[in-house]
Every structure is written in structure tokens, then in C-alpha cells.
Amino acid sequence: MTDRFETAAQILKDHQYDSAKLIPILQKVQDAFNYLPEDIMRFIANELEISPAKVFGVATFFAHFAITPKGKHILRVCNGTACHVKGSAVVINAVREKLKLKEGQDTTEDGMFTLECVSCLGACGLAPVMVVDEVVHGQITPQQAVELIDNVIKAEAEHGN
Amino acid sequence: MATENIEKIANDYNAAYKNITKRVVICGGTGCIAGGSLKVYEAFQEEMKKRNIGFSLQITKGCHENYLSLSGCRGFCAQGPLVSVGDIFYTKVKPEDVAEIVEKTLLKGEVIDRLLYHNPVNNQKAKTVDEIPFYSKQKRILLHDCGRINPEDINEYIAHGGYAQAKRAYLEMTDEEVCKEMIASGLRGRGGGGFPTGKKWEFTRIEKGPKKYVICNADEGDPGAFMDRSVMEGNPNAVLEGMMIAARAIGADEGYIYVRMEYPLAIKRIRTAIAQAEKIGLLGENIFGSGKNFKINVMEGAGAFVCGEETALIASVEGKRGMPKVKPPFPSQSGLFGKPTVINNVETLATVAKVLEMGAEEFRKIGTLGSPGTKTFAVTGHIANTGLVEVPMGTTLRQVINDVAGGTTDVDGSVHPEHFKAAQIGGPSGGCLTTEHLDVPLDFDSLKSVGAMIGSGGLVVMNQKTCMVNVARFFLEFTKRESCGKCVPCREGTEQMLAMLTDIVEGRATLKTLENLEDLAKAVQKASLCALGKTAPNPVLSTLKHFKDEYIAHVVEKRCPAGVCKALAHYEIDPAKCKGCGMCKRACPVQAISGAVGKPHQIDSKKCIKCGSCKSTCKFGAVKVGA
Chain C
225 MTDRFETAAQ ILKDHQYDSA KLIPILQKVQ DAFNYLPEDI MRFIANELEI
275 SPAKVFGVAT FFAHFAITPK GKHILRVCNG TACHVKGSAV VINAVREKLK
325 LKEGQDTTED GMFTLECVSC LGACGLAPVM VVDEVVHGQI TPQQAVELID
375 NVIKAEAEHG N
Chain F
122 MATENIEKIA NDYNAAYKNI TKRVVICGGT GCIAGGSLKV YEAFQEEMKK
172 RNIGFSLQIT KGCHENYLSL SGCRGFCAQG PLVSVGDIFY TKVKPEDVAE
222 IVEKTLLKGE VIDRLLYHNP VNNQKAKTVD EIPFYSKQKR ILLHDCGRIN
272 PEDINEYIAH GGYAQAKRAY LEMTDEEVCK EMIASGLRGR GGGGFPTGKK
322 WEFTRIEKGP KKYVICNADE GDPGAFMDRS VMEGNPNAVL EGMMIAARAI
372 GADEGYIYVR MEYPLAIKRI RTAIAQAEKI GLLGENIFGS GKNFKINVME
422 GAGAFVCGEE TALIASVEGK RGMPKVKPPF PSQSGLFGKP TVINNVETLA
472 TVAKVLEMGA EEFRKIGTLG SPGTKTFAVT GHIANTGLVE VPMGTTLRQV
522 INDVAGGTTD VDGSVHPEHF KAAQIGGPSG GCLTTEHLDV PLDFDSLKSV
572 GAMIGSGGLV VMNQKTCMVN VARFFLEFTK RESCGKCVPC REGTEQMLAM
622 LTDIVEGRAT LKTLENLEDL AKAVQKASLC ALGKTAPNPV LSTLKHFKDE
672 YIAHVVEKRC PAGVCKALAH YEIDPAKCKG CGMCKRACPV QAISGAVGKP
722 HQIDSKKCIK CGSCKSTCKF GAVKVGA
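Those protein sequences? They're chains C and F, same order as listed. Quick note: the first sequence uses the numbering used here, first residue 225, plus one each step. Quick note: the second sequence uses the numbering used here, first residue 122, plus one each step.
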């Protein structure tokens, strides 16, 4: 396994150590690490000769960046206008209940699932929409959402990894 | 390297295309892909290989007679996946249908009845696109090639006359002439503001160089809007050509396309188009031998609605938090990295080449005097034909909703135009239009006069089962989350407005709350720094204006007339309809339902969490949501 900092250094090199490219740099870091680890962000700040506060500031400003690790499986429920008027809130509640997520919590205790509520995936014709690990499921009901989660749990139990 | 001869590219393409006798186009837009169109595309390839039918996936010299291509979004998303074989247009195609399509339609030219679009209004089947009101009632100028051409083949765009206007702008026109033509056309920015594009260009042109930038704003953040995504997916080269012409007009040599990361397919198609354009020298150095250079960078947004605001977008491209700045200075004076910058939205840029092609005078004949041209709308919600629609500016709401989009629907999907309640136009920054506005022409000025805005073109249709207070709260929840926090009126105002709306939908509010809400909304509108804050109160103010009675029902009677607001809802079983089957009892997650088999059941309102499971399970419609 390559050193974590080497990975970050390569990303910085690919972006010519240009602090104007901070957002693309953080996007690549997130691709590599699945989230933005604090030590890596400090390293980036140091290398770009900007303050860590600036890096954290950008990392916490944009919805796409996560500063805590995400779950193994990502559930994205669209809460765009079209999905909202077609009942996405009920689906979101059913998923939260199924995963026993507390207020403000998006990732399950066991790190298996992360629920993301996104504004418009652009598949309004299929509203309401839920995406399970990149697979889009349209016109979903709360029951179907729970079934989809059960399927993932079942597959996990069978394959173990 | 100078640009390759585009006339030759067009001629070669057209010569090779003469081989093609049958073209199968499978919609490869986000909506259809979500419905499984890529599997249909694969199934076609497998089926044709199995039957030893030669086919090409690319137009090249000596290609096969059957051409299989993906297209961008055709706009008719609710009917996807869409497939056309020659002129014959099929809807809701599944991989299982492919063998039959190849056998009957491709080989024998027969039509498969069940795959045709069924018009629910006159009960007829439509064989071609032109027979479908959704298409025939539109005026597709910008979207003309979307869904027809292969968006990943620049040669087809060129063969359809693409980049000819860019060439003209670089070789035959001066920068001033380009700006003049745009001003004369009256084209106004399609991103929401409606500022005249030509003037924006002229202001930037007269600024001192040498370094200037063109930015394409593709951070389409309005929930329920997907016009820009469809254009980028369906005809990315039109956007690039528009940017080239803008660069020529203002004297820029570098451009950025800022696309939101939620649009992976649009990003991919834009990158493909840029790579192909660079390869033939349309982008790069010495374009068309003019001595001028232009390159385009793609930047993926990291998820912030406020970055649709131009100064916030610029901050984000510079690697900073995406926060807006006070204007002036305007980007035309001091934009990206402090240089003069033009920022236009995708739809605006994609219209530019069409304007030059038609000429300002012809362009002005479309639309209204104050708002020439066409506008695309993403029509969603309780509507028969969810999808992307392009109509001349000034078309009425009634025409768009009823004639093009097929009318308002009930929750079960049946069409009932009379159940129309409201349409939210312009997303979270817009306002709602009600039955009294059905005949208002959709253009910049008419909408402004009724307190709404065209916005970027999101049009969410809502039926009578929609609670307008809940809708206002939904938008506020969105703007509160997306407020960048720089200025107090927006940061605190959206928070407090949301708190008040939450009180209203949860039954804790009084008439005084409504007064406070209106006062605060007006203050936020006036005092916020950027358009996000200035327009955030619009959904509140327009619903307060048009649906005051609903607000009053919530606060005085503690009742939600539409039966949507959970805290105010009350579930009941109609003993006359209940058969005592026990389905609801089993579905109830909190065991709130009791009753003996065969006897009417009851719901214990103290235990009930109002999840609605009983209502969706009941086959006899016995569960009623009261207020």
C-alpha cells in the first residue's frame, strides 16, 4: 500500500501545487480516501502554503465534501421538488427509521450505510427516486425502500465482505 | 496548429452517412438511463450480432447500413426508455422488446403497436414524434438536435452546420459586430436574471485586456430543473460553440465550464466534446487561422446552490468558499482572478450560434417583443408528461401544462386538468402561479408583473392534493440549508422563516406568526446581499398572497386542508368501506390498529405516528386522512 501522504502529494503534483485548484484537489483526495481526513487536509494546507483554516473552510462549505468516513453503502434519496411533491419525505422517514438513524446522524453505527438526501438527481420523470450504490430505483414506495435495504443486508450476510 | 477544414469534415460525414439506410436512436439521457436504456442499447448490439446483421456505432467511411446510436435527452422522460427506428418512435422499451423490434421493425419495417405512444386524450396511438402533442406543440430550436444527433460525435454536429457560426465570428466579423448582433437580437440570459446577453458582452469587450475569461454557468441547482443538463447531455457542442463566439466577442482566450457534480453524464459528454474539438483544432491555438486562441477548462462544482450566483461561482473557481460579493464591481469589470469575465448560462450559450445563424431580425420574430426567442422548461410534478419542453417566450401557462405536457394528474396518474392548483415557477427563488394566472404569457416581464419569475425554467405542477404551506416550507428548508452564511438577513432570516413555517405546519402558530412571517420575508427580500437571499422569501410571499386561507386553516383551525401536514393529519377508517381484512393492522409499524377479522377496524390516534402505511396498503380505500 502506498503511503497515504504520497497519494496526497501526487494529487498536489497533478494540480501543479496551485491553490486556486483547491476544490479539484479536495475532490481527488475524497475519491482516494472516501472522505477528507484531517491530517491530509493539514498536509495540503502546508504544501499549498495556505492556512489549514482555509482548507477546512472550503471542505465544510460544500455539500459534496465529507469530513467523517462514509458508510460502505450509499443510499441517496432525491428530495428535489418533483420527488418532494410525489412523496419523497415518506421514503426518507422510512429509511431513517429502518437504519435507526438519530437526528443529525447520516451514517449507521456499524458504518454499513450512509443516507444522503440530495436535491434533484435530474430523473424527475421517475419521481420519487432512490439510488442504492449508483443503481437508480424509480417510483419508489417506503416499503420498497426498506426491501432494498434488506436486500443489501442479506447480500452482506451471505458474502461477508 | 490551425483548425481543420470543417466543410470537409461535414462533406465526409454526409458522404459516409449516405450508406445508412436505418438508424436506431436510443435515448441516453439521465432519465432514460435510469429507466434502463443502456441495457436496451446493449440488447440491440447483441441481437444484431446474433442475427449477423451488420451495424455501426460510429459514422466512418464505408460504415454499415444500420447505425445504432445513443442520443441525449429527448425530453419525454416519463415515457422512457425511448427508441426510434427511422421515423417510428417507441416508448417504454425494455431489453426484452429488442428482439421483436429487430425482427419486425428493423428488418421488415412493421410497426409494433404496443410500443407506440398512447395518447390518453384521444385514445390514439402515435407512430412518429410529430403525431405526439408533447412534441408537435413545441417549438424546438435549441433542442432541435437534442435527441436526434449523437452527442459524442462532433462530426455529426458539424455536418448539421455546427461551428459554421463560430467560424464566421472569428473570420468574417469584428468583435464589435458580434456584440451588436447579439444586442439587436434581444437575447436575454436564460439563467434567471434575464439580463440582455449582448450588453453583458459589450460591457466586457470594452474593458482592457489582454486576459479575459468566459464562464459557462452549468451549476443548475434548482431542484426540479434539468434544462441545462439535457442540453449538455444532448448537444454539448452547441455550448462550446456559444462559448467560442462569446470569447471572440469579448476577446477572451480562456474559458471555464462550471458543472455541478450531480451531473456525471453531462460532465462526461462535455469533456468528450472538448477533447474532440481540441483534436481538430476548434479549441486551442490559432483558431480557424485567425491567430486567436481559446481553451476551455471543466470545473466540477462541489455541491453548493449559491454557486449559481455569478460572484460565488467565481470564488469557487478560484478555490475559495463559494460566497457572493457585493456588486459593483461586476464580473465584466473584475471577475475571475480579477480579470474581465463574462458569465452566461448553458441555455443562453447554446442559443448563441442559432441567433447568428438566423440573424437578429429572424430571431426577434419568435417570442415576444421584450423577450425574444424560445425558452425551455422542465415540467415536473403532478403532470401527465414529465419532461423537457421548449416553447416560444410568451406561451401561456395553460398551453404549456395542458397542450404540451398533457394536463394535471391525480396521485394515481389519471389526467384531470381541472384539478390544477398551482405551478411553482423558477424553483426556490420563484413564485407560484395559480388558476388565475393560467393565461399569463410566460416571459420575463409578464411574470415579473404578477410577482413570479421565469427563473431558470423549472416548472413544478401541483394538484389540489398539495399543501401550499408545506411547499413553501420545503423551499425554505432548501434555501436555509443553502444559505452561505455571509450576510445576516439571509443566514438568520431563512432560519427564522423556516422555524415559523414549521410552527405553522405542526400546529403551534397563531395569526401573529403569519404577520411576523410576512414582515420578515419582506425584510430578507430587501436586505440580503445576493439573489439567493433576495429571492428566498418569494415562495413564502407568493403562497401567502394566493393561499392565505390555507395558512389560516393551519393556524386557526389547526387543520391542513390538503391533508398533507402530518402533525395536523388524522387517520380514520371508514367503517362502511372496511372489510376487516387486517392488511392495515399488519402494515402498521406501531400496532395502532385493532379490530376483529371481518369487522371494521379502528385506529388509535394516540398511538398513530401518521406514517400512512395503512392508507397505502388498504385495497378498499377505507383509510381516510381527515383534517
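Honestly, I wouldn't trust all of these hints.
To be verified - If you want the footprint, here are the derived chain F segments under chain C, 3+ residues with CB under 8 Å:
hint : segment
1    : 126-134
2    : 242-252
3    : 336-345
4    : 422-428
5    : 502-508
6    : 579-588
7    : 671-683
Quick caveat, the hints were computed from the structure, so don't treat them as lab data. Idealized CB from N, CA, C, for every residue including glycine.
Hint by hint, here is what the structure shows:
| no. | hint | verdict |
| --- | --- | --- |
| 1 | 126-134 | violated (count 0) |
| 2 | 242-252 | violated (count 0) |
| 3 | 336-345 | holds (count 4) |
| 4 | 422-428 | holds (count 5) |
| 5 | 502-508 | holds (count 4) |
| 6 | 579-588 | holds (count 4) |
| 7 | 671-683 | violated (count 0) |
Violated hints, listed in ascending order, are 1, 2 and 7; each of the other numbered hints is respected by the structure.
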